[in-house]
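Start from chain A and add chains B, C and D according to the hints.
There are 4 protein chains.
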Amino acid sequence: MTTQNLRIGVIGAGRIGIVHAKSISQTTGAEIAWICDPIAASAEKLALQYSARSTTNLDDIFKAGEVDAIIIGSPTPTHVDLISRAIDSGIHALCEKPVDLDIDRANTIKDKVANAKSNVSIGFNRRFDPSFAELHARVTAGEIGNIEQIVITSRDPAPPPQSYIAISGGIYRDQIIHDFDIARFFISEIIEVSSFGGNLFSDEIKAEGDFDSAVTHLRGSKGELVSIINSRHSAYGYDQRLEVFGDNGALQVNNISPTTVTSFNSAGSEQRDPYLAFFLERYAASYLKEMELFIESIHSGKQLNPSYEDGCQALILADAATESAKTGKVISLR
Amino acid sequence: MTTQNLRIGVIGAGRIGIVHAKSISQTTGAEIAWICDPIAASAEKLALQYSARSTTNLDDIFKAGEVDAIIIGSPTPTHVDLISRAIDSGIHALCEKPVDLDIDRANTIKDKVANAKSNVSIGFNRRFDPSFAELHARVTAGEIGNIEQIVITSRDPAPPPQSYIAISGGIYRDQIIHDFDIARFFISEIIEVSSFGGNLFSDEIKAEGDFDSAVTHLRGSKGELVSIINSRHSAYGYDQRLEVFGDNGALQVNNISPTTVTSFNSAGSEQRDPYLAFFLERYAASYLKEMELFIESIHSGKQLNPSYEDGCQALILADAATESAKTGKVISLR
Amino acid sequence: MTTQNLRIGVIGAGRIGIVHAKSISQTTGAEIAWICDPIAASAEKLALQYSARSTTNLDDIFKAGEVDAIIIGSPTPTHVDLISRAIDSGIHALCEKPVDLDIDRANTIKDKVANAKSNVSIGFNRRFDPSFAELHARVTAGEIGNIEQIVITSRDPAPPPQSYIAISGGIYRDQIIHDFDIARFFISEIIEVSSFGGNLFSDEIKAEGDFDSAVTHLRGSKGELVSIINSRHSAYGYDQRLEVFGDNGALQVNNISPTTVTSFNSAGSEQRDPYLAFFLERYAASYLKEMELFIESIHSGKQLNPSYEDGCQALILADAATESAKTGKVISLR
Amino acid sequence: MTTQNLRIGVIGAGRIGIVHAKSISQTTGAEIAWICDPIAASAEKLALQYSARSTTNLDDIFKAGEVDAIIIGSPTPTHVDLISRAIDSGIHALCEKPVDLDIDRANTIKDKVANAKSNVSIGFNRRFDPSFAELHARVTAGEIGNIEQIVITSRDPAPPPQSYIAISGGIYRDQIIHDFDIARFFISEIIEVSSFGGNLFSDEIKAEGDFDSAVTHLRGSKGELVSIINSRHSAYGYDQRLEVFGDNGALQVNNISPTTVTSFNSAGSEQRDPYLAFFLERYAASYLKEMELFIESIHSGKQLNPSYEDGCQALILADAATESAKTGKVISLR
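Residue numbers (the working numbering), protein chains in the order written: chain A, 2 to 335; chain B, 2 to 335; chain C, 2 to 335; chain D, 2 to 335.
Same shape as in the complex, but just chain A:
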């Protein structure tokens, strides 16, 4: 492990770029070298905050000797190219999900990534959430025996704007892809997918030919049964739960309120606060841990999962679920 700080280039100075920049600043072993964004002001503002340089030109980052790793927080269509270019430049990459909306395009660099010397990780940050990670560790340690059923509940507080829905790739590739990755965190091989999509509340989402709700079943290669329950809205805030059921018991991850205050009055008892608002709050610790482990993985020379292959597999599940929801058929992946 080298003791020198890694120089990091952050591509994309939007909402997620800001999160990653802050994570880097709180992590030992790395520093932000460049911020790149087509909007110069955004890049400059973020760069100023962390004493980094800013640019609108990607070439500045990929020049030899400028950065050791990049964080890809730019729009989805840029992901494949940027990963490819990073590999060509001997640069490590942590790329936001999804790898792409088109699995064929994602596959074009599959072999290249597999053979690359660079670390390429995909930002399914939920694997690093302290609760999800502890549950996974305890399942892996055998606490509940063989996994028989997994139930994932994942409801956003409110839908994104229609303009975003239009380019999102649909609920399965945009939202539920995180849940597919969590399913794969526990069950590496999924062999069957069946999904009901629903249009229960949003005319805007329906107008885009997309679903606002979905329930999905997966079957693992050892027969494990996974249920994923999704909605694009939730009156009581971001709803992120996980239950793993085995032959010796079950483990659950439940939602998080900002404090432990509970109230008691004539209307009811033991009421908690509304839950943490959305992913930036709920997964704050995950983003930080993800960055720490990504930086550590480069220092130690070990690949950090989720890998590019994990990113492709989640997309394959999203495609299969989309097809199932549209055709009313169960999709086999074998």
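Hints listed in this document are in silico derivations from the structure and should not be mistaken for laboratory results.
It is possible that some hints are incorrect.
Stated by the list, open to error - In silico SDA-like links for lysine to any residue, alpha-carbon gap of 25 Å or less:
| # | chain 1 | residue 1 | chain 2 | residue 2 |
| --- | --- | --- | --- | --- |
| 1 | B | Lys-290 | C | Phe-280 |
| 2 | A | Lys-327 | A | Asp-103 |
| 3 | A | Lys-330 | B | Lys-330 |
| 4 | A | Lys-46 | D | Leu-7 |
Claimed, not checked - From chain A, some residues computed to sit far from chain B (all C-beta separations above 10 Å):
| # | residue |
| --- | --- |
| 5 | Glu-67 |
| 6 | Thr-141 |
| 7 | Arg-156 |
| 8 | Gly-250 |
Stated by the list, open to error - Calculated from the model, a selection of chain A residues having no Cβ within reach of chain C, i.e. all distances over 12 Å:
| # | residue |
| --- | --- |
| 9 | Ser-43 |
| 10 | Glu-135 |
| 11 | Ala-142 |
| 12 | Gly-143 |
| 13 | Arg-273 |
Here the structure is a predicted model, which is why all the values come from computation and not from measurement.
Glycine residues also receive a C-beta, built at the ideal position from the N, C-alpha and C atoms.
Relative to the frame of chain A, chains B, C and D by itself:
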């Protein structure tokens, strides 16, 4: 409403007959007149306890002027005939689920039941559970707005003996039929069914060509999405949960421990006792309430739901889910 | 153990007499022989319900051969005389708390009770609550090691009418005496008492020279520390909690909602229903268990605790706490 | 508000100094200028981490123009002198609790502090805990009406070493002083104190003439009743709870587990992880918030509470409770 006690005949002095006899004894407006069971000793013992007469001969019960209503707790194949005979005798009937394992046979008396003067109710007692009933009342009162998603978790503590599995009609008609009725308690018309059955832990169940686990999706006529999660075993006891999610919020029914004692020690905190063992304990209040309402329905001359038709509809869902699990297809009910 | 039903005389057909009559009717091994109340209509109504005889004259009950046991649910000033008379008649007695408001008067029959052949038990029913009883059993079994601290929270939903306050003997002898008994359930010898009484919300209670709130400390002979927190009102319903803290951990009894329904909406999450309204609901199971064990104790010839002595000891603590609250001094009981 | 970074001197490079240094590094508007500790290596190590200068000589810090504020994390006997010296030098000070073990000594600079231009705050960080702060804000906003009762549970995971006990000033001045401050957070004037101290498990603590457990009552000037329950050990981890009960309801702060994972198995259900280990983990957010607000208070020129006077008042309560525990008397503070 008459003030005279209804005279009740209990058919079947097994486990469920004993529950119903006790319920009658705790309900005003009714008394046990006859206990009938092919095993004379069982009938006699139960009859003695409640100062009733016992018999092994059904004719004793159906004789004119002996009983006003019967409780059918005998094996499933007898249900249709007993209901039919009760109607012929002008006797009311509360019949255990399922109505039959064969929907065609059940249908043979469908019209007869529909036109009968007798009340005929099917014993889906969970509708009368205080928690399920309150949740239903609050949903009906509009507390959470339109129903969008329902999640039913229903896991038995341990599988029945293989001999019972062999004649049970399979997990969908035997166990999950209760959950289908709960789904229909909230969503009257189901239009689509998809299920994955699994063989995750029991070779005995597999040997009978049945599943030990299942995950099922239903779609309601207004687009509502239902997820039902089942297992024939559960290390932590009988697992019976319900979540109804609407556009304004959600309501849940959670599991019940026998006491509110929680423990705190070096291994963990806030631990509850294991849950109530099985349906006799968990649904004790439901069985009593069911009997009270059945007796009240006769006095008041109003039909008590779930009706015979409800019994048939749950069986139709069980058949569709069985077919889906076996063929790997989504089954349309329209 | 005799197989013949015990004949029970219920003295007092008010709220608590009704509870006890119902409990007897649900218990095997006993039947209600007489109901006695100075208000003839009350006695008659309750007697009719359970096919018993009614009277306004206590002599009818104490006549030789009429009853085997009495349940004393009449006003406090009658308790000592009725217990005494029961002993003289060779009749067992279960008497509501408190034994009397005057410890000197209670002491006049102390020896008589101690030497009596009759069972005399005092109705501190909370010891028989399934949650309190289980917690006690687990502490006794050593689960948390030595008892170091006990915290009892006991708040009524609303104060009784001023007319009742006037004759109640004060908050310590009327309400908190139950909590003193629970303290003694775990710690047999209390050596020190200190209490702060408060007048925080009720002018009516203040007008009677009584407190509406109190916090009390007890010290056990092994150094155990007990905190008792009381109020005569509680906006969120009857608040009855217990925490026993030992060197290996702690056990708690928490409050009970009528169902397990929880709600989630934009105002908050995980909200339970308001708690069970008051003692008749919260301690329904305790009253039944108390009666079962009292009847069983007579059949088996063993004294059931809490005994008359337990009743006196709780009163001594109530007196000491009253004195502490009024004088501002710590009261030593050694 | 100036935009220039405040230069901070951290006095004491031990456990708490390290916490404060980290907090400063995460707060905008300030930077660490000096670390001072009699152990040169400790000062140097911490200084290196934050690019500050280190010294063993306090004079380096108090020299004109070196620092704008100091954080006092050195042993208790140094507090009064350092605060005094800070005021003389026109330097602001955030001082760890207690102000001193001797109220007379603390009082010698009371007027000086009151008239100082420097901000002097005492580090009762719990007021800044997100849960305690939210509860306080909601009580202040009137959610539960008038405060009637407060229950504070505060148990350390394990006692400090005997050598620390010897110089700690006793459980009331060392541990419970935090709880006295929380009581005063809600009730500014306390008029009566009564406490039972106990020696329930530690011979070492007893050997020092100190208590290992305590239960304390306070009475506020409006009659409010406070119960404080303390222990120097707790098998299930750091136990920090608060209940504020008012005429319209109650609010509670409960304990925090590191994750939301709950487990279900044959031994029990809904088990949480053990709680956060001790104050560094449990109050991590409080320490950071305290520093942010202290720095902000200097920029804005407003005094941050808890003030030096708050520090003295908590000590007065600790002295009164100590006296009560030793004499067996209720102590009046009026």
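Each hint, compared with the structure:
1. Proposed proximity of B/Lys-290 and C/Phe-280 is supported: the alpha carbons are some 23 Å apart, at most 25 Å.
2. Proposed proximity of A/Lys-327 and A/Asp-103 is supported: the alpha carbons are some 17 Å apart, at most 25 Å.
3. About 6 Å separates the Cα atoms of A/Lys-330 and B/Lys-330, which keeps this hinted pair within 25 Å; it holds.
4. Between A/Lys-46 and D/Leu-7, the direct Cα distance comes to roughly 23 Å. Compliance with the 25 Å bound is thereby established for this hinted pair.
5. Separation of A/Glu-67 from chain B is adequate, the least Cβ-Cβ distance of about 49 Å exceeding the 10 Å criterion.
6. With a minimum CB-CB distance of about 18 Å to chain B, A/Thr-141 clears the 10 Å threshold, and the non-interface call stands.
7. With a closest Cβ-Cβ approach of about 8 Å to chain B, A/Arg-156 is found to fall inside the 10 Å limit, against its non-interface label.
8. With a cut of 10 Å on Cβ distances, A/Gly-250 falls inside the contact zone with chain B, its closest approach being about 4 Å.
9. No beta-carbon of chain C is positioned within 12 Å of the beta-carbon of A/Ser-43; the least distance is around 33 Å.
10. For A/Glu-135, the requirement that its beta carbon stay farther than 12 Å from each beta carbon of chain C is met, with the minimum near 21 Å.
11. Even its closest Cβ contact with chain C, about 23 Å, leaves A/Ala-142 beyond 12 Å, as expected for a residue assigned away from the interface.
12. Remark: the non-interface label on A/Gly-143 is consistent with the geometry, its nearest Cβ contact in chain C lying 25 Å away (cut-off 12 Å).
13. Under the 12 Å C-beta cut-off, the non-interface status given to A/Arg-273 relative to chain C is violated; the minimum distance is some 5 Å.
Hint compliance for this structure: hints 7, 8, 13 are broken, all remaining hints hold.
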